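Participant: Given next are the chains, with one letter for each unit.
Number of protein chains: 2
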Amino acid sequence: MTRDLSALDDLLDAADADAYCIEAGSADSNQLYLSGFDAPDPFFTAYTGDELAVLVSGLEYGRATKEAHADTVARLSTYDFASRAASEGQAAALSGVYADFLADLGAESVLVPERFPVGVADGLRDQGLAVDVDHDDVLETARAVKTDEELDAVRRATEANEAAMAAAEALIAEADVADDGTLTIVDDATGEETTLTSERVQEEIEVTLLRHGCALDETIVACGADAADPHDRGSGPLQAGETIIIDIFPREKASKYHSDMTRTFSKGEPSDTAAEWFDRTHEALDAALAAVEPGATGADVHAAACEVYEAAGHPTLRSDPDTETGFIHSTGHGVGLDVHELPGLNPRGGELEPGQVITVEPGLYDPEVGGVRIEDIVIVTEDGYENLTGDYPVELVVE
Amino acid sequence: MTRDLSALDDLLDAADADAYCIEAGSADSNQLYLSGFDAPDPFFTAYTGDELAVLVSGLEYGRATKEAHADTVARLSTYDFASRAASEGQAAALSGVYADFLADLGAESVLVPERFPVGVADGLRDQGLAVDVDHDDVLETARAVKTDEELDAVRRATEANEAAMAAAEALIAEADVADDGTLTIVDDATGEETTLTSERVQEEIEVTLLRHGCALDETIVACGADAADPHDRGSGPLQAGETIIIDIFPREKASKYHSDMTRTFSKGEPSDTAAEWFDRTHEALDAALAAVEPGATGADVHAAACEVYEAAGHPTLRSDPDTETGFIHSTGHGVGLDVHELPGLNPRGGELEPGQVITVEPGLYDPEVGGVRIEDIVIVTEDGYENLTGDYPVELVVE
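Note that the protein sequences, when read in sequence, are chains A and B.
Taken in order, the first sequence gives residues 1 to 399; the numbers are from the working numbering.
Taken in order, the second sequence gives residues 1001 to 1399; the numbers are from the working numbering.
Just chain A, same shape as in the assembly:
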């Protein structure tokens, strides 16, 4: 992936620091973005403005020389790690090796992100390096604005996501309703009628995503009271007339970029309250989307959703910071290498910029009623936004 490190160059200049350093595996998206190297165990990356250097284990050395965005690839054995670890212990040996590596790069003062490991930071300080923390996370900020290549990856993940949503919706549509309201389907393998559970729908979603080149850690298929908790993944039988929140957030395996979307369904007619919630949430979605444009802030977009809910008498975290019912989360977040990243559509959300990818996902929750959430994923454009999931219908009732 191409990426833009100019903000990092500016930060190093402004802070008068010699290098920006990350020590993490590629599950840390700043590490993956900066180094371009995908490896499970922690490795060390230093960017001086002129040079990007990575320091890896011997196991990763060959692959790093081929795959990392690095001018220099070094390995632990060059700095005699094994014998130092035997005499000093692993933590001290690593800090010593990193300090020597930085000395070879001519770096005496470094900036590190907020989540840089304190053990390593203190170890470098013990070796005489100045280690300061970049509290504003320059790389996550830079990552928020995507290149065309990154946007294409998000588009592909979104296509897979819509296919998975359609597969889930089709299962609910095909289901029959038992006398007690439980949804049932005919098992393909046995030909027998079985209960349709959250887990069965999750499996359908996950298999569909795999067939489309995507992986995911988890999926939310939450019905009834489960749906009243925005992060409950859901379990057990699905019930007719209850809201079923389906929130899918896959990662394209090849690129590691995510998508994210949510729809809420009811098999047959829901309660009047749930129907009213759905209409209000659709209205909040439209109001929030209408506020998305460059120069508007994430706070503005969040306020637009809050206003719709508050006008209809629903509590929000703005009207009551301790509320456990109503609109109890922010309106959205950036999506990229992380499924939750900058920018935030919350009271602290800053100015939106073209090329950012954000979710817009208002919702209402109450254990007495269930939950409703509708989430689109959009790209901020020069004059507004492009809704990547705007063609997927927003319809509550599945017959």
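Because the hints were derived from the structure by calculation, they are not lab data.
No false leads were mixed into what you were given.
No more than 25 Å apart at the CA atoms, straight line, and that leaves these computed lysine to aspartate or glutamate pairs for DMTMM-like: (1) 66(A) <-> 1366(B); (2) 1253(B) <-> 187(A); (3) 1256(B) <-> 199(A); (4) 253(A) <-> 1187(B); (5) 1066(B) <-> 218(A); (6) 1253(B) <-> 217(A); (7) 1066(B) <-> 320(A); (8) 253(A) <-> 1199(B); (9) 66(A) <-> 1324(B); (10) 1253(B) <-> 218(A); (11) 66(A) <-> 1217(B); (12) 1256(B) <-> 203(A); (13) 253(A) <-> 1188(B); (14) 1253(B) <-> 1386(B); (15) 1256(B) <-> 217(A); (16) 256(A) <-> 1203(B); (17) 253(A) <-> 1038(B); (18) 1253(B) <-> 38(A); (19) 253(A) <-> 1204(B); (20) 1066(B) <-> 368(A); (21) 1256(B) <-> 38(A); (22) 66(A) <-> 1368(B); (23) 253(A) <-> 1162(B); (24) 1253(B) <-> 162(A); (25) 1256(B) <-> 204(A); (26) 253(A) <-> 1169(B); (27) 1066(B) <-> 322(A); (28) 256(A) <-> 1038(B); (29) 1253(B) <-> 169(A); (30) 1256(B) <-> 41(A); (31) 1253(B) <-> 204(A); (32) 256(A) <-> 1218(B); (33) 66(A) <-> 1320(B); (34) 253(A) <-> 1041(B); (35) 1256(B) <-> 218(A); (36) 66(A) <-> 1218(B); (37) 256(A) <-> 1199(B); (38) 253(A) <-> 1217(B); (39) 1066(B) <-> 217(A).
Only a predicted model underlies this, so the values are computations on that prediction, with no experimental measurement involved.
Since chain A is already given, all that's left is putting chain B on it; use the hints.
Facilitator: For chain B alone, coordinates are given in the frame of chain A:
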């Protein structure tokens, strides 16, 4: 999951610290183990010996009160986070909130793991707290010895893993060999002959795992030169007569515990060199397994594998720390909430204890030949080990 925090109690006593703190999401396995709470975004956990307290966002509060192993669940709004973030910025506000939370617990000095975020650690220090680093990772050390409940989770993940390995092997067995040596299979959907690729086998593995309640980030199906790099995931057509390394490391979704196993296959007869490597690796596996017992060290087990290879004239990292061919990784690692965790079977590996789960996975690599690796996963028992994957055949040639 049940877990044993007695080592943490001892450490707090020995270090005369008031609390052990973690600030991370549940992707950090120490956080998941200590807090028992599965949430994607970072939250704060403090253990005083008498009390386990977690501090979460409002979004996670309801679920945390139900799911966390916590005596106390607090939320950011109780400490006025939103208005502090508006005036001080998010990083300073979080540190201030955490400091107030620790004050309510009576904690003035805290221990944190090596990978605790330096931004938070420095913030707490600025608030007057003493923050020291636990370089020995007491929780990862404690996690290495599993309870019966944890072992059952690993057993279930292993059963899924064996099913996925069998599905992959069956695809290779069913394949035909084209004139140029490429493997081909008949596509179920179209009835047409298509090339059998690493990606197709990976998909089969991943779908099988999903059907067995497991997820995974990635799978290695590496053929030919790809197999010569132990962390190359493999891509493209599979070839007859070349070694195909299949390394599967799923996580059971419900418990979050992993398994890990590897087999190497050749469709039809491989080269004499590959066949010799396979026999030597099988011998190294047996020698390493024979060394596994309580009181033996990870270093002993690693040495047993190295000796087999070195006696046969293959380079190892012990005989040449810079070698890029031969046996170029350690002999194994612990498996649990992380797929790579303590104990290590490497030159620094300490004494094995009953209840530890380890992989034993010798291998040989050279781009001119390919790669061979055989990996079993075993539980260290009172008098040796129980091999969880020992019933899966170790056979190179698939006809």
